[in-house]
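S.K.: For chain A, the structure is supplied; the task is to place chain B on it using the hints.
Listed below are the residues making up each chain.
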Amino acid sequence: MPRRRLASPHRPPPRKSELSLHQVGLWALMALGLAFLSGGCKSEARQERGVMTVVPQLRASWVRNFNPFFESHSRWPAPAGVYEPLLIYNRITGNYVPWLAESWEFSADSRELTLKIRRGVHFSDGRELTGHDVVFTLELMRRFAALDQTSIWSHVERVSQAESLVHLHFKAPFNLPILALLERVPIVPAHIWSKIQDPVTFSNPEPIATGPYNRVLYFSPQLYELGRNPNYWQKGKPGLDKIRVPAIGSNEAQALALIHGEVDWGAAFLPSVERIFVAKDPEHHQYQFPSLEGTVMLYANTKRAPFQTSAVRKALSMAIDRAKLVRIAMQGYTRAADATGLSEQFAAWHDAKVLEEEGDWTQFDPETAARLLDQAGLKKGPDGLRRLPNGAPWRPELNVVVGWSDWIIAAQIIVRNLQALGVDVKLKSYDQGAWFQRLRLGDFDLSLSWSNGTATPWSFYQYQMSKDTLRPLGEPAERNWQRFESERADALLNAFAASGDADERFRISSELQREFVRHAPAIPLFPGPIWGEANTTRIEGFPTREAPYAPLAPYKAPGMLLVLTELRPRGTPPLPGTPGQAPSPEGSP
Amino acid sequence: MIYLLRRLGFYVVAWCVSLTLNFFIPRLAPGDPASALEAQFQGRLDPAAFEAMRVAFGLSDEPATVLFVKYLKNLARGDLGVSIAHFPAPVSEVIGQGLLWTLFLSGLALAISFSLGTLLGTVLGFFRGGRADAIVSSIFTLFGAFPYFWLAMILLYGGGFMTGLFPLRHAYSDGLRPSWSLEFAVDVLHHAFLPALAIVLASAGGWLITMRSSMMSVLGEDFILLARAKGLSQARVMLRYAAPSAILPSLTGFGMALGFILSGSLLTEVVFSYPGQGYLFFEAVKSLDYPLMQGLFLSITSSVLLANMAVDVGLVFFDPRLRK
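Protein chains in written order, with this note's numbering: chain A, 1 to 589; chain B, 1 to 324.
Accuracy of the hints is not assured; some may be wrong.
Calculated cross-link-like contacts (lysine-lysine; reagent style DSS-like; alpha-carbon spacing at most 27 angstroms) [stated by the list, open to error]: (1) A:K380 / A:K324; (2) B:K286 / A:K428; (3) A:K426 / B:K286; (4) A:K428 / A:K379; (5) A:K171 / A:K116.
The following label-pair restraints were derived from C-beta to C-beta distances [as the list claims (entries may be wrong)]: (6) B:C16 / A:E475: 32 to 42 angstroms; (7) A:Q581 / B:E62: 45 to 55 angstroms; (8) B:N74 / A:H260: 36 to 46 angstroms.
Hints are computed from structural coordinates only; laboratory data are not their basis. Even for Gly, the Cβ is constructed at its ideal location relative to N, Cα and C.
Next up, chain A with everything else stripped away, as it sits in the complex (with noise of 0.2 angstroms):
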């Protein structure tokens, strides 16, 4: 677009009427002049040191909301920087850190975890964190449901406290999947939110927390600001003065601020990264996106002829291409599914193998798939098109969402290859809301969608193939939408919910990843990447990829209290400490 147009909106006035409309165009040249003047000073005024502009969210208004149990609801980062969990789970290291409990500790039948907390931490009012806030928090979850997201109380029975140890004593024996429960937990102070009449609604305008960055110091629709902790609990952090969070409403819009240098710590989905945002300043500029999301899967109805044979679920997977499909959907962020299912997320839970021995149906090959399907009786009719055993048309559905692009295009990919094989698949577009909806109820042949991508392979299969999870068509299923049951799934899982011995965790779960590979429950297409962009112009100690000590994504609660902490404007020296590590035991007074 040519600069001129911009400058002068109006074209030059015809004759005659010239008097009203120079006057017009003079008072429009003034206005400019005097706008282009601020626009100047203004790009100066931005450089304040100590001060990073974050874009956690997509969001192009905010709403004063620092309610710590609802990490979709309240402004970022109220669950992990503004409040803060127990500990972390670091996805990089598969390290679990210890933050605000110093240490734990599973009793030998697994029916009791203690937890000891850290001394010398405080909250913004000056009074010390004690084990009678964890105490309070994880009470306050059970009075109050629809605070307990990950549902720590259907595993726990009681909670009990002796000076600063806190135990959760469990209903069955329960290990390691508590942890990843537990990270999710922001702990709050009992003698505020005891006052507080209905936590749930409550926006808690004014926290009161013991987070690095605990203070807000301003707030409106399309700017919030975050000031540093004077007195956090671990010495000589944080780093940075102010956090910015400006209200940006689309992707687009997020791109240009980065690209632009205007933000320092972004969340952007960038096509052609390289190109558009590296190549500006490859000094500064720098992304990761790793593959630490869910599994995005395509799920069959497997009560739903003919889904209910995983030899046709085999044979669907075995016709999508999925170089293809990583390569042109996901424009290379991300690699081809295996048939375990298993993202980066728990790359070290996964085993080699059992894809060896079981045989890995993700390699695309149409052929076998074609004779999978004549097997099944899914034989070609004479217009070329796939028929059911019974001789009637087989005409699925495959469901996407709106405005979702990258899995849009992953769909028309996997339409086109299904279709190159006979089956006469149609794509289906609904809202998200009307999308999830058919997922819930079962309503649905074949859907896209995400999977769980917590810590352990436990919850990851138990949304799969748990017979707990599993809901009769038409009732709504929080999970498990394919509807899939395998007794010895349930079995496994409960033996490795259980289990407090790694080497019999690893057995177990390479059992469960047999158990996927053998039945398909699911039928995996590319782990999930997440996106994390940062500019070091002016802040320093982000995670790089020489020493990627966490991930860089600042959306992921609460490991990005784990970037949050190691944060400094440029040229200073590093904080103390080990990043992506336990905090040195320095709070102690």
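M.R.: Same frame as chain A, but now just chain B:
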């Protein structure tokens, strides 16, 4: 007077109809808020917690008629309910914070677009058939054919990103705090320039065409001939004789146009991350946030109806034929 009363009665009826539609139209969309809510969590919410949240968020399975009665009762008390997407903020608070910016932006754009379009239409209609007429009319018609958001994106890219002359987003600079100072006022205008320009470019053409054709029909009237015969100057004939009569259709259209401008402004706001109601609306629809949608519909329909009413009252002063 009777005319005014009749119009008033009409607006009361129209408002009641819009209240009813506000309630039912969102519910015609496929899907349900519970599913949309859960989809937002992308599998990070446990089913038990979800059930509890459903209750907390007031997502009940009661029949629509029962809910409608509740809605009317609450409305009578001025209670618009609690937003789902922005839980637990009340709808009135969510709407309130965006409404002013939307009214400012669309009001500014409407004022500029109306005066610019009408002024150009007057001049071009008066000197119809000239080269200026051909060029200017066709340029504005061309821009009018573009969708708002597309123009907005082009302007954002050209004026904001490529040249850096204008900010890429928001209603004022991140470093500034709202105040009654010249600096802040200039900053707000600087930020409103591109979004307003997008709306003006897309909508001025309509005013121009209406005014131009209306001018042309008025120019054929006898009183214009008389004015010319009296030897009055061109400008006087145009501005004092032709324009006041020709502007009536445009004024009638003003109220109608407000609705279009508002909707266009909503899209433009999304592109420029302008903190108005536009993106709220977008999010509300996406997450099937019925209470927020109702509230937004209500505020928009009410403002359009109010503006129409104001125009109706205004017309009485402009058009003597209505004064009986």
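S.K.: Provide an ascending list of the numbers of those earlier hints which the structure does not satisfy.
M.R.: none
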